[in-house]
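Participant: The chain contents come next:
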Amino acid sequence: MRKVKHLVPLLLVLLTNLIGFGVLYFTNRGIDNTILYCSVAVAAIVLISYAIILFASLGDEYLFLIVSMIFTIGIMFLLRSNTEIAMHQTMFFYVGMAGFFIVYVIYKKTNVFHTLKYSMAFIIVSVALFMFTLVFGSSIGGAKNWLSFGKIGIQPSEIIKIFFIMSLAGLLTYEADDDNSTLLKRIMNNNTKRQFFIMAVAFMFMGFLILQREWGSALLYFLIYFTMQYIFGSSKTVLFLTLLFAAGGSYLGVKTMTHIQQRITIWMDPFKNASDLGYQIVQSLYAMASGGVTGSGLGLGYPSYIPLYTNDFIFAAICEELGMIGGVGVMLLFFMLVYRGIKIALRSTNVYNKAVATGISAMFGYQTFIIIGGVTKFIPLTGITLPFVSAGGSSLAACFAALAILQAISAKTEEVSDVI
Amino acid sequence: MITIIDLIPKIFSILFVVLVYIFIVKIIQLVHSDIAVMMRQKTKGDSVGTYLKLLNIRSSLSFPVSESYEISADVTIGRSSRCEICIDDPFLSSEHAAIIVQDKVCFLQDLGSTNGTLLNGERLEGDPIELINGDKITFGNLSFIFITDNEE
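Protein chains in written order, with this note's numbering: chain A, 1 to 420; chain B, 1001 to 1152.
Simulated from the structure, these hints should not be mistaken for laboratory data. Heads up, a few of these hints could be off.
[Stated by the list, open to error] Calculated pairs, DSSO-like style, for lysine-lysine (alpha carbon to alpha carbon, straight line, at most 30 Å): (1) B/LYS1010 - A/LYS109; (2) A/LYS193 - A/LYS272; (3) A/LYS109 - A/LYS185; (4) B/LYS1136 - A/LYS236; (5) A/LYS117 - A/LYS236; (6) B/LYS1053 - A/LYS377; (7) A/LYS185 - A/LYS272; (8) A/LYS109 - A/LYS377; (9) A/LYS193 - A/LYS236; (10) A/LYS108 - B/LYS1104; (11) A/LYS108 - A/LYS377; (12) B/LYS1010 - B/LYS1104; (13) A/LYS185 - A/LYS255; (14) B/LYS1010 - B/LYS1026; (15) A/LYS272 - B/LYS1026; (16) A/LYS109 - B/LYS1104; (17) A/LYS412 - B/LYS1104; (18) B/LYS1010 - B/LYS1053; (19) B/LYS1026 - B/LYS1053; (20) A/LYS185 - A/LYS377; (21) A/LYS108 - B/LYS1010; (22) B/LYS1010 - A/LYS412; (23) A/LYS255 - A/LYS377; (24) A/LYS272 - A/LYS255; (25) A/LYS272 - A/LYS377.
Please read these numbers as outputs of a predicted model, since none were measured by experiment.
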């Protein structure tokens, strides 16, 4: 009984995979068998992973289904535009799933991450990674945020996101004790000082991102911090000061940085500079407009006219070929993902896990909002990835690690409610 | 000249989107049942009293069942709509068991069910047995924990 009910959404994912890849296979005549391999590889890993999640009772059954649907749509568009990138992405899916189960087991089995020691360790590791990137990093597209090891490049800010959420959760839900032996302990045991300390940490992270010229990530970190502070923090003053600093910071940024001024002028009127500065966004808008309501059909659009169509602008490609209904469908899928995350946070009985689940759900939600808002010209464009869809190993790995933590939290909650 | 062959990818693309939407509807159904449960819990409040708490994971069951059932008077449990606690579990008999309340003390009685009623793992025979806080009651597949604030 239980299995039949859960098979329906799974079958839908697999059927979507089959139809999508089938259409691609027949519309892109002359393309090699990569499409076939990718289709089978994605279907196989979805099936195997879901079977493990279901039969080993790894908590929430719907998180992974929603993500596999999002990923299936994403890989279809990568495949349709660039088979090599799609092959990489499929490989990263396997790596990501391996990471998913490893992170799941680590988070599920251990109960130490909420301690001050670990929060501080996460912060120190993040700062080290930031420093390392600033010194040795290479820049791609105006942002110095890549670390290259031979052929493999990683984007540390993607991984730091998770450390950021976990350390913030640890600090925000810290329980004061009587041990005042160190300066850190004295700060942490005083509620007001602690709130200011957390604010300082959050702004330090944002400062590093701004040094790397990652405006999108800086905005994302700010939104995550503000959400967590609003829900779990106890000081209204800090909340107000945060807003004030952020407003002041953005004002200064707009006044002094030509880079930001440019983005805003483009956002106000991309068509004025349609051939150079506004080219990306204008192409993205044209693509979405040509898609209309039902889209041009899978494999029948021309996404290669959109710059960065496998990465930041993949949503525009989806809108072109699947139309408005397809785009709204993708957004609804992300909405469901965030909903499940918030639900897990609400159900969890441990306050640290609640904070982490809230942070991760907020991360998925805001990240989707920032990039979809950017490509649709709803907000100024800042380049970050669309979770689980955009091509990119670091982004995918970070998303799956975050998903694994959510999954582990839901499993922990179910374990507790079984015992009562 | 548009031929059927040219239309095929378009038709399948639309089918593709339709599938995505069916998937979304399936998930929304789940959201709906989740919210319904939350609303029910809210109207009930956190009243501590005497109630049965479900031990199974609700989302793993194919039929609707509440997280908890309040017991303030005599209740019968079964598949039939005549029962105060009506659960459409195929493993339940139409009138499966009853909980009798006498002077705030609850007794559990099996009503001759096919699959039996287990109290803390032991099958009940005909006579009513007194329930105490923390007892585990099993009907078919479903397990409940009996919670009461009446400490005699």
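Participant: Decide, hint by hint, whether the structure agrees.
Facilitator: Outcome of the hint check:
no., hint, verdict
1, B/LYS1010 - A/LYS109, "violated, 49 Å"
2, A/LYS193 - A/LYS272, "violated, 49 Å"
3, A/LYS109 - A/LYS185, "holds, 27 Å"
4, B/LYS1136 - A/LYS236, "violated, 46 Å"
5, A/LYS117 - A/LYS236, "holds, 27 Å"
6, B/LYS1053 - A/LYS377, "violated, 50 Å"
7, A/LYS185 - A/LYS272, "violated, 56 Å"
8, A/LYS109 - A/LYS377, "violated, 44 Å"
9, A/LYS193 - A/LYS236, "holds, 13 Å"
10, A/LYS108 - B/LYS1104, "violated, 42 Å"
11, A/LYS108 - A/LYS377, "violated, 41 Å"
12, B/LYS1010 - B/LYS1104, "violated, 68 Å"
13, A/LYS185 - A/LYS255, "violated, 39 Å"
14, B/LYS1010 - B/LYS1026, "holds, 25 Å"
15, A/LYS272 - B/LYS1026, "violated, 45 Å"
16, A/LYS109 - B/LYS1104, "violated, 43 Å"
17, A/LYS412 - B/LYS1104, "violated, 35 Å"
18, B/LYS1010 - B/LYS1053, "violated, 51 Å"
19, B/LYS1026 - B/LYS1053, "holds, 27 Å"
20, A/LYS185 - A/LYS377, "violated, 46 Å"
21, A/LYS108 - B/LYS1010, "violated, 45 Å"
22, B/LYS1010 - A/LYS412, "violated, 45 Å"
23, A/LYS255 - A/LYS377, "holds, 22 Å"
24, A/LYS272 - A/LYS255, "holds, 21 Å"
25, A/LYS272 - A/LYS377, "holds, 14 Å"
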